[in-house]
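Colleague: Can you make the complete structure from the sequences, with help from the hints?
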Amino acid sequence: MDNLVKRTISISPVTRIEGHAKISIQLDENGQVSDALFHVNEFRGFEKFCEGRMYTEMPIITPRICGICPVSHSIASVKACEMIQGIQPAYTGNLIRRLIHIGQNISSHALSFFHLSSPDFLLGYDCDPAKRNILGLAEQYPEIALRGIRLRKFGQEISERITGKKVHSGGIAPGGMAFPLTEEARKALIKWIPEAIETVQLGLNILKKFHDENFKFVQTFAASPTLYLGTVGPDGEAELYDGKLRFMDADGTILHDQADPKTYLDLIAERSVDWSYLKYPYYKPYGFEKGFYRVGPLARLNVASKMKTPLAQREFEDFKALGNGKPVHGTFYYHYARLIEALSSVEEAEWLLNNPEITSGNIQTHGQWNFPEGIGCSEAPRGTLFHHYITDETGKLLKVNLLIATGQNNPAMNRSITDVARQYVDGNNMKESMLNRVESAIRCYDPCLSCSTHAMGSMPMAIELKNADGMIIKVLERI
Amino acid sequence: MNKLTIYIDDKQFQAEPGKSILEVCREHDIEILTMCHLKGVNDVGACRLCLVEIEGMSKLLSACTTKITANMVIHTKTERIKKYQRITTELFFAERNHVCAVCVANGTCELQDLGYKVGMDHIRYPFLFPKCEVDTSHPWYVMDQNRCIMCTRCVRVCNEVEGAHNWDVKNRGYQVRIISDFDTPWGESITCTSCGKCLQACPTGALWPKAIVQGQMKKNPEIIDELMERRKMIL
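From first to last, the protein sequence lines are chains Z and R.
Note that UniProt numbering numbers the first sequence so that position 456 is 456, with each residue one more than the last.
Note that UniProt numbering numbers the second sequence so that position 19 is 19, with each residue one more than the last.
Treat each hint with caution, since some may be false.
[Said to hold, decoys possible] Between beta-carbon pairs, the in silico distance windows are:
1) Z:P310 to R:M120: 48 to 58 angstroms
2) Z:K208 to R:Y125: 52 to 62 angstroms
3) R:F129 to Z:P225: 44 to 54 angstroms
4) R:K117 to Z:G367: 34 to 44 angstroms
5) R:T193 to Z:G367: 18 to 28 angstroms
6) Z:E393 to R:K3: 58 to 68 angstroms
7) R:C195 to Z:G67: 39 to 49 angstroms
8) Z:E195 to R:C195: 51 to 61 angstroms
9) R:C132 to Z:E393: 19 to 29 angstroms
10) R:R177 to Z:G367: 26 to 36 angstroms
11) Z:I254 to R:Q175: 54 to 64 angstroms
[Said to hold, decoys possible] With a straight-line Cα cutoff of 27 angstroms, these simulated DSS-like cross-link-like pairs (lysine-lysine) come out:
12) R:K219 to Z:K166
13) Z:K396 to R:K170
14) Z:K165 to R:K219
15) R:K210 to Z:K48
16) R:K117 to Z:K166
17) Z:K396 to R:K218
18) R:K210 to Z:K396
[Said to hold, decoys possible] Coverage of chain R stretches by chain Z, computed from C-beta distances (three or more under 8 angstroms per stretch; other residues unrestricted):
19) 98-105
20) 123-137
21) 214-227
Note that these hints are calculated values from the structure, not bench results.
Glycine included, C-beta positions come from ideal geometry on N, C-alpha and C.
Modeller: Shown next, in the form of structure tokens:
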């Protein structure tokens with residue numbers, strides 16, 4: 001092996017993420033990392049097969065893209081439909097939509113932290129991979145695992161109490177909601193709030209302890225600077241449901257503020273690459289080479305000036321202190337940002353459930369096709385999501401563009417795995433835990449590559465060393 | 001008029017001459033699966049779900065189009081019938097593009113109910129995945145050929161109840177399609193009165209109003225028979 005010119009390490013499949021992917025790590029002649037690539041080897045085709053459908057079907061078709069963030073797709077979709085119809089949603093319908101969206105955010109963040117990521121913090125990167133998952137967590141820390149599962153349940157129960165279904169619920173309609181929130185459901189949901197706040201705070205304590213004990217690792221873990229995109233309210237507050245776009249550069253300078261999501265094509269362009277089905281979006285004014293940006297919890301908190309709710313605001317101030325007035329670039333802080341958002345979401349859910357209007361019957365306005373183009377945007381758990389539809393004069397879709405959060409993080413994920421691989425991977429001395437750190441960089445982004453594939457560390461992982469001709473020289477297998 | 005004695009599933013019944021086997025079964029709460037039958041319009045025996053076994057006949061006959069005769073011995077729940085019902089149901093699903101998860105009629109669809117009733121847990125036949133037209137040209141309604149099972153309930157209700165005869169059928173075999181007027185876009189039809197009866201008659205999500213989303217579909221096919229009964233009272 002000493003006379004090899006180049007070798008490649010392949011991590012396939014990447015585990016404990018949503019979907020299927022693999023990582024290739026290219027080694028140079030000295031066994032050091034020269035490059036790393038994140039391949040997404042699934043093809044879905046939604047943009048194409050939705051052509052020819054009626055635009056009003058999109059709030060039901062597009063949530064099937066994902067079993068974790070279906071509500072965000074419905075919300076972006078109904079907003080695009082409302083633009084086509086030229087209507088505004090009914091007041092209460094809009095409140096209920098916001099509540100369901102928050103529920104999904106709580107559920108998704110609970111899944112990401114407690115089910116998928118916390119085994120790394122609590123059981124350790126060097127723990128047996130067969131046990132480094134939610135089941136292993138339940139064995140050693142049953143109380144934490146149960147609380148995580150219940151937090152996820154709370155998020156899903158919001159949807160179930162309103163629409164009758166936990167996932168892929170119907171009823172999110174152009175103009176508002178098809179179903180109201182009953183007083184009985186409101187009372188049942190509000191009982192969850194104290195427990196949900198406690199659980200998120202428990203998660204924050206676990207994470208902060210890990211931060212304290214692994215300060216250098218956390219600070220330097222895939223910390224390359226990038227641009228950031230997120231949605232903010234009128235006063236710069238972090239916002240998930242409505243709001244305008246804010247782009248920030250790596251030094252914290254605001255490049256665009258209060259940009260209407262309808263202008264997204266002026267800000268973002270996409271390019272295809274030959275090693276992945278995921279496109280490479282970039283910030284248009286800076287071009288492909290310099291314009292890669294991040295979305296999701298870390299980006300949203302970096303661009304935001306404040307949080308809307310008091311407990312989350314306190315944590316937000318601690319988070320901001322990490323960057324010393326600049327954006328926080330460390331990819332590991334995605335987890336921290338995610339939990340702060342979860343806290344904010346639970347607090348906002350309490351506000352909404354205490355709003356006397358939430359159970360009123362003013363749930364839907366009605367419209368019809370008026371304009372040939374609709375653009376909708378929402379903040380999915382993994383970042384900013386855009387739906388863009390062009391129709392003919394009967395409402396039939398001619399063109400669909402879906403710009404999904406994980407896609408926008410794709411260039412940054414590639415950068416992060418390269419950073420981490422260079423830091424931790426030594427091709428001359430490979431250990432399973434070393435490769436898990438590379439995977440872990442991807443897991444920070446909580447990427448959702450398809451609809452709710454839960455691997456939870458049980459899938460086999462093959463690490464292949466290949467020479468420049470593609471011949472496998474050595475294989476390490478995780479069973 | 002003297003009633004006829006017939007036997008259904010080993011029980012004796014008295015029924016009026018001229019009635020179909022299906023009518024008699026429905027009167028006595030004997031379940032017969034149907035898709036193309038719609039009370040209020042003429043039966044055509046298109047779907048082949050209501051097949052029954054009649055002693056002395058080798059062929060299965062459709063209950064909706066077969067009149068009772070004296071001393072007829074009918075079986076509605078034999079293994080042979082169940083086998084054909086399952087085959088027929090699977091062929092419905094395999095022939096066009098039925099995706100319940102994203103269909104506007106999800107939860108209110110007779111085809112979906114049928115799948116549950118016959119215990120369809122998989123489909124043994126290759127899907128044809130035909131390229132089907134979605135006609136959105138009507139200002140209020142959509143016709144989606146992907147979800148059509150060719151029951152022709154819309155054709156019959158439009159002709160026999162509304163008297164417009166906008167809907168008809170073209171081609172044969174797996175290329176058969178429902179057409180509007182002489183195969184023109186629905187929105188350009190000069191015969192359609194936009195009454196919406198075809199939407200009520202449709203058992204699936206093939207015909208639906210543009211204004212609704214999944215969860216808001218309310219089908220009331222019984223309205224067709226009610227309308228016909230009220231007309232009899234007026235006349």
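Colleague: Next step is simple, just say for each hint if it's right about the structure.
Modeller: We went through each hint and held it up to the structure:
For the pair Z:P310 and R:M120, the beta carbons lie near 54 angstroms from each other, so the given range of 48 to 58 angstroms is met. For Z:K208 and R:Y125, the Cβ-Cβ distance of about 58 angstroms falls inside the hinted range of 52 to 62 angstroms, so the restraint holds. Separation of R:F129 from Z:P225 is about 48 angstroms and conforms to the stated range, judged on CB atoms against 44 to 54 angstroms. The hinted window of 34 to 44 angstroms between R:K117 and Z:G367 holds, with their beta carbons roughly 38 angstroms apart.
The hinted range of 18 to 28 angstroms is satisfied by R:T193 and Z:G367, whose Cβ atoms lie roughly 24 angstroms apart. Taking 58 to 68 angstroms as the suggested C-beta distance range, the pair Z:E393 and R:K3 conforms, at roughly 60 angstroms. The beta-carbon spacing between R:C195 and Z:G67, approximately 40 angstroms, falls within the hinted interval of 39 to 49 angstroms. With their beta carbons about 54 angstroms apart, Z:E195 and R:C195 fall inside the hinted range of 51 to 61 angstroms.
For the pair R:C132 and Z:E393, the beta carbons lie near 21 angstroms from each other, so the given range of 19 to 29 angstroms is met. For R:R177 and Z:G367, the Cβ-Cβ distance of about 31 angstroms falls inside the hinted range of 26 to 36 angstroms, so the restraint holds. Range check, Z:I254 to R:Q175: about 59 angstroms between beta-carbon atoms, so the 54 to 64 angstroms window is met. Taking the CA atoms of R:K219 and Z:K166, the gap is about 25 angstroms. The hint holds against a cut of 27 angstroms.
The suggested pairing of Z:K396 with R:K170 holds, with an alpha-carbon distance near 24 angstroms, which does not exceed 27 angstroms. The straight-line distance between the Cα atoms of Z:K165 and R:K219 is roughly 21 angstroms, inside the 27 angstroms bound, and the hint therefore holds. Pair hint R:K210 plus Z:K48 holds up; C-alpha atoms about 21 angstroms apart against a cutoff of 27 angstroms. Our distance criterion of 27 angstroms between C-alpha atoms is met by R:K117 and Z:K166, whose separation comes to about 25 angstroms.
Under the criterion of a C-alpha separation no larger than 27 angstroms, the hint pairing Z:K396 with R:K218 is consistent with the structure, at around 23 angstroms. Our distance criterion of 27 angstroms between C-alpha atoms is met by R:K210 and Z:K396, whose separation comes to about 11 angstroms. With 3 residues carrying a beta carbon less than 8 angstroms from a beta carbon of chain Z, the stretch 98-105 of chain R meets the three-residue requirement, and the given coverage holds. For the stretch 123-137 of chain R, the stated coverage by chain Z is satisfied: 3 residues place a CB nearer than 8 angstroms to a CB of that chain, which reaches the threshold of 3.
Requiring three or more residues with a Cβ within less than 8 angstroms of a Cβ of chain Z, the coverage given for the stretch 214-227 of chain R holds, as 3 such residues are present.
When the structure is compared with the earlier hints, no violation turns up for any of them.
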